[in-house]
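Visitor: The chain contents come next:
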Amino acid sequence: MSAAGELVELLLHHPLRLLGAAVPTLLAVLLVMFVNMPVSLTGGLVPAPALALACVYFWVLVRPDLMPPVVVLFIGLLEDLLSGGPPGLWAAGFVAALWLTDRQRETFAGLTGLGAVVGFAGAMLFAAAAAYGLDAIVYLRLPSLPPLLLESVSTVMFYPLIAMSMGWFHRHLVGPMRSGE
Amino acid sequence: MASLGWRLTRGRGAKQLSLILCGLSAVVIAFLGRADAALFDRVRAGLSDFAEPALSQLRGPLVTVEHSVDNAGSLFTTFQDNIALKKENAELRKWQNVALSLENKLHRYEILLNAAHDPALPSVTARVIGEASRPFIKSLVLNVGAEQQVKKGQAVVDERGLLGRIYVTGEKTSWVILLTDLNSRVPVVIEPYHRRAILTGDNTPAPQLELDVGDGPVKPGDRVVSTGDGGLLPPDLPIGTVMQEGSTLRVVLFARPGTSDFVSVKAYSLPEPPAATDPVPAATAAEEPKVPPATVTAGIAAHPAPPAMPLQSRNPDVPRFDGQDEEQDR
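Order-wise, the sequence lines are chains A and B.
In this text, residue positions in the first sequence follow this note's numbering: the first is 93, and each later residue adds one.
In this text, residue positions in the second sequence follow this note's numbering: the first is 560, and each later residue adds one.
Next comes chain A alone, as it looks inside the complex (with noise of 0.2 Å):
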């Protein structure tokens, strides 16, 4: 059966099962909303967090069959367009974020307590250096750091924060739905 048969027979009898599937994925656009609504509590002197990435990464390593790569660049790509930055800068970041995250997975997923945050501040470091790699190559410019670290260091801040909303939506949203109807 074809791709697009098979997803008409799913939205037909498995309806459930299809949305579960979406669940991961809106959950990472809504928080690219989230973090790119229309306040700074820090008066802009600190970056918004890239929450959508801190999901991704939690879905990448618990299901990484929900995260395909062309929904992470979609994504990324919708965090470069509302945040109003360069197209594609984080759109390369998260696929690469997927990348390494991909490779070393049973390293990550073997992680637990303070090793996880560091196992996703190194992929956090990775897509920042992925992005600020490509903004140097395309632009021929030098980006200021500080920006770019204190980005990173306060979406490693809130990675617990989202490791456990998104384990409590795969616990109680997502297994469900995908285990049956």
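Hints may be right or wrong, so weigh each one.
[Unchecked claim] Once the Cα atoms are required to be at most 20 Å apart in a straight line, the calculated SDA-like pairs of lysine to any residue come out as:
#1 B/778 / B/807
#2 B/574 / A/192
#3 B/574 / A/196
#4 B/710 / B/605
#5 B/574 / A/166
#6 B/574 / A/117
#7 B/574 / A/114
#8 B/574 / A/242
#9 B/574 / A/199
#10 B/574 / A/162
#11 B/574 / A/155
#12 B/825 / B/791
#13 B/574 / A/157
#14 B/574 / A/201
#15 B/574 / A/154
#16 B/574 / A/195
#17 B/778 / B/767
#18 B/574 / A/194
[Claimed, not checked] Partial pick of chain A residues on the chain B-facing surface, computed with a CB cut under 7 Å:
#19 161
#20 162
#21 177
#22 178
#23 180
#24 183
#25 187
#26 191
#27 226
#28 230
#29 235
#30 236
#31 243
#32 252
By construction, these hints were calculated from the structure, which means they are not laboratory data.
On a predicted model such as this, the values are computed, not experimentally measured, just so you know.
Glycine is no exception: its CB is placed at the ideal position from the N, C-alpha and C atoms.
Fit chain B to the known structure of chain A by using the hints.
Guide: Then chain B, alone, in the frame of chain A:
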């Protein structure tokens, strides 16, 4: 039955291929974004136009929370702030008298010299409905766009000074690139020696000053204003004061994007040059003026020379100094 969704990525090889393709796509998008920024700007403007009603509604309560957070820290320093403000107010009152006196003197000189006045700039007041402070961009989103005649490149000021320029315009919204942004480069003038420079954003709160042309020392505390050179920005918009950081000159900005709720978008353009092919009317060319016209002092390349006038102000707001107004006042 086979499992659902994302079938293409199920195989390890397919996933690797998909990863490579997506990575390449991101790089291509980045280069496309530089080559044809308008393409993505249209998408961005469309997104902000679409979200404008929601952003406008969200802005109110969020700003209240934002201000509450800001004010929480200042609660403990209210007493000291009050004393400092009283001192500053007393100092400003002295400066106010000096400014009023100088303003009056300037008006007299303008009238005596028959100087051409700067034309009033048409402006649109806009509400800030979004702000982005990210590593690669520092911008604001306004609730005005092409419908309000807002155009790319126009200057955006708050009540203190220049904030930045419009760089994307949608139908109902527009995006402002702040002076602190990495991509911002604005020609400026440093007073009092009229030294020209380029103000270059580097994502820090105080953008760098790259001296361009002119002589004269530049020292910390000097005032920086915009210049009309190139028709990019209106001249004389206050920007900030010079600050020395090691060997680098920076500018402490007057404007505060983080606390600006309402801003003004200034429309400015150089006057159209006269058409070279316009024939000079024969009668005018033939007639020699019997009385030489009064001297007119005009701004450099910014305004067309006004017609010769007797000694009086062309601006109705400027009081006349031929005694008529004083008589009316009495």
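Visitor: Compare the structure with each hint and give your call.
Guide: Evaluated hints:
1. B/778 / B/807: The hint holds at about 11 Å.
2. B/574 / A/192: Given pair residue 574 of chain B, residue 192 of chain A holds - Cα atoms ~13 Å apart, limit 20 Å.
3. B/574 / A/196: Answer holds: residue 574 of chain B to residue 196 of chain A is near 15 Å, not above 20 Å.
4. B/710 / B/605: With a Cα-Cα distance of about 15 Å, the restraint between residue 710 of chain B and residue 605 of chain B holds, given a limit of 20 Å.
5. B/574 / A/166: The given pair, whose Cα atoms are some 16 Å apart, holds under the 20 Å limit.
6. B/574 / A/117: Holds - the C-alpha atoms of residue 117 of chain A and residue 574 of chain B are around 17 Å apart, at most 20 Å.
7. B/574 / A/114: This hinted pair holds, its Cα atoms lying about 18 Å apart.
8. B/574 / A/242: 32 Å, violated
9. B/574 / A/199: Satisfied, since the Cα-Cα distance of roughly 19 Å is no more than 20 Å.
10. B/574 / A/162: Given pair residue 574 of chain B, residue 162 of chain A holds - Cα atoms ~10 Å apart, limit 20 Å.
11. B/574 / A/155: 14 Å, holds
12. B/825 / B/791: 11 Å, holds
13. B/574 / A/157: Between residue 574 of chain B and residue 157 of chain A the Cα gap is close to 10 Å, so the pair holds against 20 Å.
14. B/574 / A/201: Measuring from Cα to Cα gives roughly 19 Å; hence the hint holds.
15. B/574 / A/154: At roughly 16 Å apart (the allowed maximum being 20 Å), residue 154 of chain A and residue 574 of chain B satisfy the hint.
16. B/574 / A/195: 11 Å, holds
17. B/778 / B/767: Holds, because 14 Å separates the two Cα atoms, which is no more than 20 Å.
18. B/574 / A/194: With a Cα-Cα distance of about 10 Å, the restraint between residue 574 of chain B and residue 194 of chain A holds, given a limit of 20 Å.
19. 161: 4 Å, holds
20. 162: 6 Å, holds
21. 177: Since chain B brings a Cβ to about 4 Å from residue 177 of chain A, closer than 7 Å, the hint holds.
22. 178: 5 Å, holds
23. 180: 3 Å, holds
24. 183: Where the cut-off is 7 Å and the nearest Cβ of chain B is about 4 Å from residue 183 of chain A, the hint holds.
25. 187: 5 Å, holds
26. 191: For residue 191 of chain A, the interface hint holds, since the closest Cβ of chain B sits about 5 Å away, which is under 7 Å.
27. 226: Constraint on residue 226 of chain A satisfied, holds at 5 Å.
28. 230: It holds, given that the least Cβ distance between residue 230 of chain A and chain B is near 5 Å, below 7 Å.
29. 235: 5 Å, holds
30. 236: Cβ of residue 236 of chain A sits 4 Å from chain B, so the hint holds.
31. 243: 5 Å, holds
32. 252: 22 Å, violated
Checked against the numbered hints above, the structure breaks hints 8 and 32 and satisfies the rest.
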